[in-house]
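Using the sequences and the accompanying hints, generate a full structural model.
Chains as they are written, first to last, in my numbering: chain A, 302 to 544; chain B, 7 to 298; chain C, 113 to 421.
To give a feel for the contact side, a few chain C residues facing chain A, derived at Cβ under 10 Å:
#, residue
1, R293
2, L296
3, G297
4, R302
5, D304
6, A308
7, T315
Restraint-style ranges between C-beta atoms, simulated for each label pair:
#, chain 1, residue 1, chain 2, residue 2, range
8, B, Y130, C, A410, 35 to 45 Å
9, A, E359, B, F170, 35 to 45 Å
10, C, V121, A, E310, 56 to 66 Å
11, C, F208, A, D444, 40 to 50 Å
12, B, V158, A, D444, 56 to 66 Å
13, B, F170, C, D244, 49 to 59 Å
14, C, R118, A, A485, 45 to 55 Å
Derived from the structure by calculation, the hints contain no laboratory data. Just so we're clear, the structure is a prediction, and the values are computed from it rather than from any experiment. All residues carry an ideal CB built from backbone N, CA and C; glycine is no exception.
What follows is each chain in one-letter form.
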Amino acid sequence: MTETLLDVEKVSKRFGGFVALNDITLRVGRGERLGLIGPNGSGKSTLVNCICGTLRNETGVVTFNGQRLDGLPAHRRTRLGLARSFQLPRPFHTMTLTENVQVPILYAAQSRGHQGPTALRAGANALLDMVGLAEKAGKRPADLTQIEMRKLELAKAMASDPQMLIADEVMAGLSHREVDEILALLMKLNEAGVTFIMIEHIMRAVLAFSQRLVVLVAGRKIADGLPQEVIRDDDVVAAYLGR
Amino acid sequence: MDVTLDLLGNAILSGLLLGGFYAAVTIGISISFGMLDIVNIAHPAFILLGSYTAYIANSMFGFDPILTSIVLLPAFYLLGMAIYTVYDLSFERRGDASIRGLAFFFGLLFITEVTLILVFGVDYRLVEAVYIGPSLHLGPLDLPLRLLVPAVVALMLIAALQVFMSQTFVGRAVKAVAQDPIALRLMAANPSRIKRIAFGLSIATCSIAGAILIIIQPVEPSIARDYIGRVFAICVMGGLGSFGGTILAAMVLGVVESLTTTIYGPSWSPAVAFGFLLLTLAVRPAGLFGRG
Amino acid sequence: MAANLRFTVGAVIVAALVLLAARLIDNQYAYFAGYVVLQYIVLATAWNILGGYTGYVNFGTAAFFAIGAYGTVVLHKTTSLPLPVMIAIGGVLSGFVGLGMGYLTLRLRGTFFSIATLAMAVVVQTLITNWDFVGGSRGAYVIRPQKSPILGGNYIEYLFLLMLVLSVIAVVVARAIQHSRLGLGFASIRDDEGAAETSGVPTLRLKLIATVLSGGFMGMAGAPLPYYVTYLDPASGFSLSYAVNTIAMPLIGGTSSWLGPVIGAVLLGTLQQVATVTISSALSLLIVGVLLVLFVVAAPRGIVGWFQR
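Given below as structure tokens:
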């Protein structure tokens, strides 16, 4: 196995009496494409929030790139190279697309050293070009279609120059062709060295993309292995189809 | 000042009664802010409006302030519905409720205050009723009816609202809106309509709260502001939208304020509520009696 | 940088023209009225750095403003520092209060912050009212010197000049922020704080910076007040009209750029100066309240918004 990039060790999270995550342990190797699936409310988003620092896990340790993340605020984790996209795109709606992408460039990618405004603009344009939004650089998010919004969300996540990207349902609601388009984009990023965790309900997309599949049900990890084996696992089938 | 045990006992008792009154002042905010997430900082201004309508009815026709306020409930309810309609169209539908919504209510607060100044001037106004003046005596303790009657009316108001919220369809729908507006839409109820009703109710409580305010103390237009801190402090401490928590928090604040007045003097009491609020926000934003 | 410099030069030229015009009018009332309008330019611009840029609504303008004013009262009684130094001290004091306030409440949702600022205004007012050294509820008298220490003329002309300089500084700073990395960070907080944080924006630190800057400028705007009014009591120092005006002016002018608060302050400030003289001060405040509500309901992007796409 390759070097471990993200190491989630016995992470638990409760809301009042409700146990949202129960002793989750998970390792992701550098360059890997991991799929994370589970029914609604199984704790996928809670896990992402604990990894990214939006929520604090009560117990357990998250290590990224050899560094323990305990108590680090979300923006510090982003600066370490841990990016995410939101399930419902959350663009900065008063800004142009260029400015949208400039925020993570300025605050995450360039947080260690400054480049000039020319490099900044070039960087922003390159990102928008990569996701195919170059012509709309001066527009505002309100002018975008559904899939363009998802692409902007990806461009924003990539703008922080991440080592790992957690893609939270980036394809929900898209057409068959659009799903393929996004999948191709993600593959391209992965080839460039970005490690992925993909959370997705569209099984076709997860199976096509993932090298490994992890299944969460009711806050527990019930399966972790090769996609084709996992989806034939009795527990997984039972959890998805109901008993 | 020499603080005797008797004085302390009386301070605590009047603090509890004051707390009952504070609960009535806050209950509307518990609905609008606690349940609907509408930051109606103009709420105390509407309470003052209730005080002045009670004052007019009392000074011109000699009507009882509390009876007047009950008769005027529908008018305040309609006023609340009207305000919510404007708020809904201008802010909630545009998904732009935060800054402009706050400024909107701040403007309403200010307009109400200045209008009251223009109409009534800055003099203190008061009402007359048989229960203002006499006291019951229980050993060394005094129970001024001026405080007792408002506290009883306040608790009755809250009890009535509690019954409404738990027993009627609309009441339960309001609670559902507070928890999950999307679920409510799936139930085919219109959240906008439910919220309009709830906001109407919250403003309707101002009629009664205003009447008992002017029974407890003479009013002038700027005192609304003193109550902003109190109502939000109580609402937040009480755990946002919980009626029981509101009563408890109101009692705590009433007693602490009353003790402060007795021990340090009345000029310090406005700071108590706000100090409480700042502390609650800083230490325990879920409320002293809230969950979590 | 070059653009900022050009803007600063332009702002100084405009200020010099304003001063020249005031000298030509040469009417004491013009200085008194002009001072108030300039003071509102500083206050509205300061409010907008936090409220307009980051989206956190501060109802406690009066508290920051009064801290600056009462700072001057204390310094006037204890020292013989020149007024510009007192202004700087007032700014630092208010900035620190902003910092403390921010640490307490900026972790919370924006609405709680707003309510807390209202609360803070009353707490500060209660403290001042109970502080005998600065006159308590009776108020304090400050003797205004006769002559301006520079450029000749009356002391009121000096106060006018100081407020003019302060408004140039405030506007230049506000504009520089708007077009900087900091300004982009502020705007990201206003648009979506959670998304800003995941984009690497240290939201808490940026909000603290905005609160300190905003509070600091409000304190500086308040510092010369005792010399302007010569008698300062809590009721006037903490008047609600400061809070209403500083919110109404940016919202009416437009909150997304430095220009909005300036337009709002000049329009509303002048309107009130005229209305106070010709009608009544209560009615002129009513006009502000009504305009505020009308604008937030009907013209959410303010006057500046009319000229943008």
